[in-house]
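Chemist: Next come the chains, spelled out residue by residue.
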Amino acid sequence: MRETLRRLLRQRKAAVGGTLLLGFLLVALVGPWFVMDPTELMGQPHQPPSSAHWFGTTGQGQDVLAQTVVGARETLAIGFAVGALVTLVGALVGITAGYLGRRVDDALTLTTNIFLVIPGLPLAIVLGAYLPSGPFRMVVVLTFAGWAWNARVFRAEALALRGRDFVAAAVVAGESHARIITRELLPNMASLVASSFIGNTLYAVGAQVGLEFLGLGDVGAVTWGTNLYWAGNDAALLTRSWWIFVPTGICIALVGFSLTLLSSAIDELTNPSLRAPPKAPKAAVVHAVATPAQEATAPGALLSVRELSIEYMTQAGPSRVVDQVSLDIAPGEVFGLAGESGSGKSTLGYALLRLLPSSAAITQGRILFEGTDVTALSPEALRAFRWSRVSMVFQSAMSALNPVLTLGEQFHDTLAAHGGGSRASSYARGRELLAMVGLKPELVDAWPHQLSGGMRQRVGIALALALEPRLVVMDEPTTALDVVVQKELLQRVLELKSRLGFAVLFITHDLPLLLALSDRVGILQAGKLVEVDTAQRLRTDARHPYTRLLLSSFPHLGATDTQAPTPDVLEQAASALKAPLAALPGGRR
Amino acid sequence: MSPPLLEAARLNRSFPVGGFLSHARRKVLTDVSFSLERGEILALVGESGSGKSTLARLLARLDTPDSGDILLSGENVLAREGGSASLAYRGRVQMVFQDPFASLNPVHTVAYHLERSLVRHGRARGVELTRKVHALLESVGLTPAEQLAKRYPHELSGGQRQRVAVARALAVEPDVIIADEPTSMLDVSTRRGVLQLLKGLTRERGIGILFITHDLASARHLADRVLVLYAGSVVETGRTSDVLQAPRHPYTRLLLSAVPDGADFLRTPLPARVATTPPPPLGCAFAPRCPHADVRCHEALPPFHLPAAEHHVRCHLESSKGVPDDAAVSS
Numbered sequence: 001m002r003e004t005l006r007r008l009l010r011q012r013k014a015a016v017g018g019t020l021l022l023g024f025l026l027v028a029l030v031g032p033w034f035v036m037d038p039t040e041l042m043g044q045p046h047q048p049p050s051s052a053h054w055f056g057t058t059g060q061g062q063d064v065l066a067q068t069v070v071g072a073r074e075t076l077a078i079g080f081a082v083g084a085l086v087t088l089v090g091a092l093v094g095i096t097a098g099y100l101g102r103r104v105d106d107a108l109t110l111t112t113n114i115f116l117v118i119p120g121l122p123l124a125i126v127l128g129a130y131l132p133s134g135p136f137r138m139v140v141v142l143t144f145a146g147w148a149w150n151a152r153v154f155r156a157e158a159l160a161l162r163g164r165d166f167v168a169a170a171v172v173a174g175e176s177h178a179r180i181i182t183r184e185l186l187p188n189m190a191s192l193v194a195s196s197f198i199g200n201t202l203y204a205v206g207a208q209v210g211l212e213f214l215g216l217g218d219v220g221a222v223t224w225g226t227n228l229y230w231a232g233n234d235a236a237l238l239t240r241s242w243w244i245f246v247p248t249g250i251c252i253a254l255v256g257f258s259l260t261l262l263s264s265a266i267d268e269l270t271n272p273s274l275r276a277p278p279k280a281p282k283a284a285v286v287h288a289v290a291t292p293a294q295e296a297t298a299p300g301a302l303l304s305v306r307e308l309s310i311e312y313m314t315q316a317g318p319s320r321v322v323d324q325v326s327l328d329i330a331p332g333e334v335f336g337l338a339g340e341s342g343s344g345k346s347t348l349g350y351a352l353l354r355l356l357p358s359s360a361a362i363t364q365g366r367i368l369f370e371g372t373d374v375t376a377l378s379p380e381a382l383r384a385f386r387w388s389r390v391s392m393v394f395q396s397a398m399s400a401l402n403p404v405l406t407l408g409e410q411f412h413d414t415l416a417a418h419g420g421g422s423r424a425s426s427y428a429r430g431r432e433l434l435a436m437v438g439l440k441p442e443l444v445d446a447w448p449h450q451l452s453g454g455m456r457q458r459v460g461i462a463l464a465l466a467l468e469p470r471l472v473v474m475d476e477p478t479t480a481l482d483v484v485v486q487k488e489l490l491q492r493v494l495e496l497k498s499r500l501g502f503a504v505l506f507i508t509h510d511l512p513l514l515l516a517l518s519d520r521v522g523i524l525q526a527g528k529l530v531e532v533d534t535a536q537r538l539r540t541d542a543r544h545p546y547t548r549l550l551l552s553s554f555p556h557l558g559a560t561d562t563q564a565p566t567p568d569v570l571e572q573a574a575s576a577l578k579a580p581l582a583a584l585p586g587g588r589r
Numbered sequence: 590m591s592p593p594l595l596e597a598a599r600l601n602r603s604f605p606v607g608g609f610l611s612h613a614r615r616k617v618l619t620d621v622s623f624s625l626e627r628g629e630i631l632a633l634v635g636e637s638g639s640g641k642s643t644l645a646r647l648l649a650r651l652d653t654p655d656s657g658d659i660l661l662s663g664e665n666v667l668a669r670e671g672g673s674a675s676l677a678y679r680g681r682v683q684m685v686f687q688d689p690f691a692s693l694n695p696v697h698t699v700a701y702h703l704e705r706s707l708v709r710h711g712r713a714r715g716v717e718l719t720r721k722v723h724a725l726l727e728s729v730g731l732t733p734a735e736q737l738a739k740r741y742p743h744e745l746s747g748g749q750r751q752r753v754a755v756a757r758a759l760a761v762e763p764d765v766i767i768a769d770e771p772t773s774m775l776d777v778s779t780r781r782g783v784l785q786l787l788k789g790l791t792r793e794r795g796i797g798i799l800f801i802t803h804d805l806a807s808a809r810h811l812a813d814r815v816l817v818l819y820a821g822s823v824v825e826t827g828r829t830s831d832v833l834q835a836p837r838h839p840y841t842r843l844l845l846s847a848v849p850d851g852a853d854f855l856r857t858p859l860p861a862r863v864a865t866t867p868p869p870p871l872g873c874a875f876a877p878r879c880p881h882a883d884v885r886c887h888e889a890l891p892p893f894h895l896p897a898a899e900h901h902v903r904c905h906l907e908s909s910k911g912v913p914d915d916a917a918v919s920s
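First to last, the sequence lines map onto chains A and B. Read in order, the letters of the first sequence correspond to residues 1 to 589 in the numbering used here. Read in order, the letters of the second sequence correspond to residues 590 to 920 in the numbering used here.
The hints are simulated quantities; they were obtained by calculation from the structure and are not laboratory data. This one's a predicted model, so the numbers in the text were calculated from it and none came from an experiment. Please note that the accuracy of each hint is not assured.
[What the hints assert, rightly or not] Only part of the chain B face toward chain A is listed, based on derived beta-carbon distances under 8 Å:
1. Asp-688
2. His-710
3. Arg-714
4. Leu-833
Even glycine gets a Cβ: it sits at the ideal position worked out from N, Cα and C.
Bound-form chain A, shown alone (with noise of 0.2 Å):
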C-alpha cells in the first residue's frame, strides 16, 4: 500500500492534479475566515478588480474573491461527498450482483438498468422538486442520478474476479458471501474504486455546477454554481463584466483538469501497459569480438550460438536473463533446451528471430545462422530472414493464430508476405500444409475457434513449414495438450523433419520428454548452459548437479525408482536464484 502511494507521488501527472488539488481544499478549508463577507454588499456594483477588491464586485455589490473563495467549500464537499456515496452505492449493488449472479443479479441488473435508461438530468428536476432544499438536496438528487452507470463497471469486474479460484477457496474456507464480497473481492478493487472515486467527483462537480446554474440548486447558498447563476442574472455578460464570472469558472475547470490527471494517474499505475517502457540496456560490445566468435563456428554447424547474453531492463536495473550461452545446432538434429521458468530458455528462443521484446536486447555475443550473423541483420535482411530461414511454433496456439481470420487467410498472409503468389496458390499450399500435418485439408476454410488444442497445435506447426525453414523453434508446442495429443503430435513432428530435413529447437521444461524426442540436449539454469549432452548419455550420467536434481524430479512409470524427498535446501536455492528474475514481463510459463 505504501510502495502504491510512493509510486503514485513519483509520477509527473499525480503529483501536479495531487497538488492542484490540495490547495484548492486549503482554500476551501480555511480561506472563508480571511475573505469578506460573500453575501454582505460590500461596494457598489460591477466594479472592476481594484486595491479594495482584489476581484472585483458583483452586479449586486458582493466581493467575487469572497465569492469565490467561499463558493469553494460547499462545491468541494458536495463533490467529494457524491463521489464518495455513488462510488459506494455503484460498488456495493455491482460486486453483490455480479458476485451472487442468478436470480440477485437479474433483478439488481434490471434495476440498474431502468435507471441509466432514465435522462439524468429530468430526474434531478423532478427529484428536486419534492426535496426539501439545501445542500443534502443536491447530494440526494446527484447520488440517485449517478450511481447506476457506476454498479455497471463494478458488476463486469466482480464477475471477471468470481471466477477466480481464490474465491473458490474463500468459499471453501467457509466464509460467508458478506465477507467475501467486502475482504476478497473489494480489496482487489483498490485501484477501481479510486479511479471511480474520482471519476464521480469529477462527475458530481460538473452536474452540480450545471444545476445550480440553471438555478435548480439553492440560489441563496454560495457555490460556484449559484455565482455563475447571479452572473447569468445580473447580466455580466451584457455589460461586460467578465471578472464576475472568470474566476469562478478557471477555479472549475482547474478542478476539473486536476481530477482528470489523478484519474488518468491511477490508470497508468494499475495498467502498466499504458506506461512508457523502460529503454532497452545497451549493447556492451558491440562486434568487437567478431573475429574470435566466427572462428569459434562448429564446421557444419546450421546454427551457431557464441557467448549470447541477453538483458532486460527492469525499475530495479538490468537482468540478465541469458547468460553467455554458446551452442550450435547441425542440420536436421532435434536440440532440446530444459529449464524451469525464469531459466531464460524461452528469451534464447525468441532471440534467434530477433523477436525480443522491447525492454530486453542482446548485449553480447552473436548468432550465426549457415554464416549469417543474425543479430546484425537490417530490418528488411531480418524481415526476410525469419519464418523463410527460422520458424517458430507457439505455446499457446489460440494466441498465435489470429481468431477473426481463415486458416486460408492466415496461410495467404504468411506466404504473401515472403513474396508468394496469388490467394488461389496460398489456399492450394494451406491444404497441402494441412494434410502433411495429419489435418483435414478442407480446413483450410475454418476458423481457428472450430479447432481443438492439438488441431490449434498442428496448424501452428503447419503455418511454421509454410516456407521450407531450415530450423524450427519450438517453445512448449506441447505444455498445454494432453498426453496422448502430445504424443501424436511430436510423432508427426519426428516423421515430417525426417522427410523434410529441418532442424528443431525444442524448448520445454520437461525433460523426460525432451530426452525421448531429442538428438542432444542443454540444460539451462538462470541463464546459464550449464550441461550439454546427447540425450543418450544424460540419461545415464548427467555430470552438473543441476541436471540430475531435474532428472530426479520426474517420477518414472515403469522401474522402481528410490522415492528420494527433494532435499529443501536445492529446492530453495532454485527458487533463491530464480526470485530476482519473477518479476520480469514476458516469462512464458
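Got chain A sorted already, so can you dock chain B onto it with the hints?
Modeler: Here is chain B on its own, set in the frame of chain A:
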C-alpha cells in the same frame, strides 16, 4: 464394516449449452461413483474435458450435481443440506486448487489466509492464533515461519504458495482433502516436495486425499488406488499396482503408452484410432477411438467387470475373456 469416509454415488452433472431459451445440455459427468477411505490416496486420472475438475468442484460443494449423492461418513449430505454446504462439511472436506498463483488472494498476507480458516472453524483464537499459524507453516515445511507469515503471495515462489494452500486446508483439521492437480503449475524441482507433503498427511493424520491429475507417473507414486475417467464416466478403477501394471481398459492402456517415459516412448505407436466423431450417446464413449471396438461397443453401455479383487473395468471386451459379469458392482 464402517462406511467409507467419503462416498460419491451415481453423480451426474450437465451444463446448458447453446444460447438463450435453448434447452440443450452437455453431460459432463455420468453416474460417477467411488469411495475414499481414511488415510488413503485415490488418484483421479483423465484427459482435459474428462470431467475431473467438475467432480472436484462437486465434492468441494462449489457446485451441485443434477442427481446423485455425496456421503460423508455414511451421511447423505446433499439430502440434508441442499445446495449450500454447512460449515461442518467445510470443516471436514477441504480443497487445494491447481493454480497457487490464483488461489491465494493477492491483497492478504499468508497469516491472514491461515487465521481466517482457524477462526472461522473455531480451531484457535486470541494469542493461540499466531502460535497455531506458525505451527501450520512449519508442518508444511515453510520456515522460518515468523517471517513467511508476514509475506504476501507475490513474495513467494510457486512451490511455497502451494504449501501455503495446503496449510490453509490443514488449518481446519479436515478428514478429506481434494487436491486438483496441485503440482501441474509448479516448477519440476518443487513438484516432488509438494507430493511428498501430501503423502505424509495421509500417513501422519489419516487424511483421505482425492488426488486429481493427468500425470500417471505421479499417480503411481502417490496413490493407493486409481480411478480412470473418460468423457465423464469411470472406465477403470482399482489398486494402483493393478491398474497401472495390468491395465484392462483400452483407454487406460492408451494413457499409459503416452506417458513420456523411457528412450523409445515416441517410437511405439499409440493404441488408438484418431477420434473423428464425438462420443456417441449410446454405447461406450471410447468406442470411436478404440482399436478393439465391435458392434456391442457402439450399441450398449458396458457393465463393470471384475477381473481381479477391487479392480473394476467398464468394457465389453472383458466379458468375452470369460470373466464372469458382476452385476452387483455396476449399481
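Chemist: Could you tell me which of the hints above the structure violates, numbers in ascending order?
Modeler: Going through the list in order, the structure violates hint 3 alone and respects the others.
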